[in-house]
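Asker: Sequence order for the protein chains is D and Y. Each residue of the first sequence is one higher than the last, beginning at 60 in the working numbering. Each residue of the second sequence is one higher than the last, beginning at 1361 in the working numbering.
Since the hints were derived computationally from the structure, they do not count as laboratory data. Positions of the beta carbon are idealized from the N, C-alpha and C atoms, including for glycine. Hints are not guaranteed to be accurate.
What the hints assert, rightly or not - If the Cβ cut is set under 7 Å, some of the chain D residues that face chain Y in the computed set are:
hint, residue
1, Met81
2, Trp94
3, Trp138
4, Ser139
5, Ile341
Stated by the list, open to error - No farther apart than 25 Å at their CA atoms in a straight line, the calculated lysine to any residue pairs in the SDA-like style are these:
hint, chain 1, residue 1, chain 2, residue 2
6, Y, Lys1450, Y, Pro1464
7, Y, Lys1383, D, Ser308
8, Y, Lys1383, D, Gly288
9, D, Lys320, D, Ser308
10, Y, Lys1383, D, Ile78
11, Y, Lys1383, D, Lys320
12, Y, Lys1383, D, Val285
13, Y, Lys1383, D, Gly335
14, D, Lys320, D, Gly335
15, Y, Lys1383, Y, Phe1463
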Amino acid sequence: MSFPDPVQMAVPLFIIAMIIEMLAVRAGARGDYDWRDTGTSLAMGFGNTFAAVIFGATIVGTGVWLAQFRLLDIPATWWSLALCFVGEDFTYYWFHRSAHRVRWFWASHVVHHSSQHYNLSTALRQTWTGFFSLSFAFRLPLFIVGFPAEMILFCAGLNLVYQFFIHTEAVGRLPFGLEYWLNTPSHHRAHHGTNARYLDRNYGGVFIIWDRLFGTFEAERDDEPVRYGIVQNLATFNPAWVAFHEWISIAREVAAADSWKARAMAIFGPPGWRVGTTADSIRADWQASRDAATPAE
Amino acid sequence: MVWTSLFGIITLILLARALGFAKAPVLADAAQARRLAAEALPGFTATDAVLARDGQGALVAGSDGRVALVRSFGDRWVVRIVNGAAAQAKGDRLHIVPHESMFPAAELDLGPAAGDWAARL
């Protein structure tokens, strides 16, 4: 069984899909683009491919090295491929959850959320510093379990390709009960929201069942449109600033901190810890104001 | 592959622009500015607001004394607290330079209110 690179194969499809989405929006479909925002998103995606080339070998090498300690010798078959796909998505859930809850990982992942738009080009707004943040470590258990390295990389690529297509407002909700099992455009729109209700919810990659299992699911509501972006939206389209702004912010906070606890929290605490705007505190304040507005029985 | 990607990127950017995805947003009224500030700033309760004459920016005062700058960015809005920012009123115009890297300075034509708002920062 051979494993091609799904992302490389899908690049022409990405371009065609974006053109179709732009034309559809112009024809009246739900969604929006801004050429400057799209330019930045595509520049980030372009830079990400260079980062992948530069650091990819080290990441794969680490996985292959770990594979010598594997627990099982899993053959490359269809059943193992299916198992690997689910397992890879499970590790993705925990990577993604950590990427929103721990600032060290967020500093890299924030790039993907830094657009106030939600369209197919947003999907390509990817980090340049994923290797530096060590986010690949979440996938390493799959090597230790014993899945073939090529299979793991293939599944990771498939996951990425799937997620590209859910970055759209043009699709409402999927039929046949798929919204229960899969991460869909609707669920992922909520994930990109800065509304208190939607903050830090729906971490799943392909399957949304992880969020349902671990209590992080939030359904998109028709009566509460999603406001896309980050809590403090960027005011520049400069790709370099988009790529590094959170790392710079961490460095500044560590340098200015007056205690070791403050330094540690600036690096490993939740985003927004210093200024009191973590997702948890924002949601708690929102919940309290809702409770106060609801007449007591 | 690099050149193919670059060609694809440039094509998409040009197509987006050609299709008119290049709006400059304009604030409809002070209520919209207050809503934008309240949505962007956790815990911010907007009271009064003043719009720039071109509608591309506004200042919004909060009940706690903070003042938020709402300014256009692409076809969207960005909001920042600007108390303590470098601010200078010249006639009807207020020039504000927020203390934040890469956050562009704002030039707001606030009419006769420019001086009063400068004093609140």
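Asker: All hints are to be evaluated individually against the structure, with a verdict given for each.
Answerer: Structure-based check of all given hints:
Using the Cβ-Cβ criterion of 7 Å, the hint placing D:Met81 at the interface with chain Y is satisfied: the shortest such distance is roughly 6 Å. Annotation: interface hint on D:Trp94 holds; nearest CB of chain Y at approximately 4 Å, less than 7 Å. The interface hint given for D:Trp138 is violated, since its Cβ lies 33 Å from the closest Cβ of chain Y, which is over the 7 Å cut-off. Hint status for D:Ser139: violated, given a least beta-carbon distance of 30 Å to chain Y, over 7 Å.
Interface hint status for D:Ile341: upheld, as the beta-carbon distance to the closest one in chain Y is roughly 5 Å, under 7 Å. A threshold of 25 Å between alpha carbons decides the hint, and for Y:Lys1450 with Y:Pro1464 the separation of about 19 Å falls inside it, so the pair holds. A distance of roughly 31 Å separates the Cα atoms of Y:Lys1383 and D:Ser308; the hinted pair therefore is violated under the 25 Å criterion. For a cut-off of 25 Å, the pair hint linking Y:Lys1383 to D:Gly288 stands: about 18 Å separates their Cα positions.
For the hint linking D:Lys320 to D:Ser308, the alpha-carbon distance of about 17 Å falls within 25 Å, and the restraint holds. The hinted pair formed by Y:Lys1383 and D:Ile78 meets the criterion: a straight-line CA distance of about 19 Å does not exceed 25 Å. For the hint linking Y:Lys1383 to D:Lys320, the alpha-carbon distance of about 45 Å lies beyond 25 Å, and the restraint is violated. With a C-alpha separation of about 20 Å, the suggested pair Y:Lys1383 and D:Val285 falls inside the 25 Å cut-off, and the hint holds.
A threshold of 25 Å between alpha carbons decides the hint, and for Y:Lys1383 with D:Gly335 the separation of about 34 Å lies outside it, so the pair is violated. Restraint check for D:Lys320 and D:Gly335: satisfied, since their Cα atoms lie roughly 15 Å apart, inside the 25 Å limit. Restraint check for Y:Lys1383 and Y:Phe1463: satisfied, since their Cα atoms lie roughly 20 Å apart, inside the 25 Å limit.
Consistency note: the structure conflicts with the earlier hints numbered 3, 4, 7, 11, 13.
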